[in-house]
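Here is what each chain is made of, one letter per residue.
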Amino acid sequence: KAGVTQTPRYLIKTRGQQVTLSCSPISGHRSVSWYQQTPGQGLQFLFEYFSETQRNKGNFPGRFSGRQFSNSRSEMNVSTLELGDSALYLCASSSQTGGYGYTFGSGTRLTVV
Amino acid sequence: DQQVKQNSPSLSVQEGRISILNCDYTNSMFDYFLWYKKYPAEGPTFLISISSIKDKNEDGRFTVFLNKSAKHLSLHIVPSQPGDSAVYFCAASASDYKLSFGAGTTVTVRA
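Protein chains in written order, with our numbering: chain A, 1 to 113; chain B, 1 to 111.
Any given hint could be a false lead.
Only part of the chain B face toward chain A is listed, based on derived beta-carbon distances under 10 Å [as the list claims (entries may be wrong)]:
#1 PRO9
#2 ALA41
#3 GLU42
#4 ALA70
Hints in this document: simulated from the structure, not taken from any laboratory.
Fair warning: this is a prediction, and the values are worked out from it, not measured in the lab.
Built from N, CA and C at the ideal position, the CB exists for glycine as well.
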């Protein structure tokens, strides 16, 4: 079965712009979580959506937002981009809420210039 | 505040020998621990996990040990193989279910 699909794979944006990243989970998975990976910081939890509801949120500013659609696909939006937002953004899906049974996508590499 | 710490950013080991990766945590509410493996340009893949009611879990060449009193866990890979060269992340979760990850340890297996 198809894995977790993240689009686009690479993105270059200018400071101050906004960006939308997309994640299509494994078929049947209702939980989608987003993580930011930066060198030396590991994976930082952004938020989790389950059945279109945000279940958990990490310690990120309000510029980071997300949503989940009825087909479980999820989008993450970052407004007013800063240089420090350059990172690999990973999406993970699971059939249940929480950190169990995660399958990660390959990520979207965002570079802010 | 980093609640899960992997203090060794890198580890180099000879093929066939044991690789030992360490992880420390500060949150006593963590009750489930996982290790993920990540190759470049790919997402992390689940490797092995352990519940706080156990102190050891084994899966083939991979064994995870948990020392709750020390808030420490380790991953042993025996024997190490070239395909094990990757970044390994330690992760933990509590009742809020969100995973807290360490910064990762890059393992290089030398032939």
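For each hint, the structure was consulted:
Interface restraint check: PRO9 (chain B) against chain A, minimum CB-CB distance 8 Å, threshold 10 Å, status holds. Annotation: interface hint on ALA41 (chain B) holds; nearest CB of chain A at approximately 7 Å, less than 10 Å. For GLU42 (chain B), the interface hint holds, since its Cβ comes within 10 Å of a Cβ in chain A; the closest pair sits about 5 Å apart. Here the hint on ALA70 (chain B) is broken, as its CB sits about 21 Å from the closest CB of chain A, past 10 Å.
Taken one by one, the earlier hints fail for this structure only at number 4.
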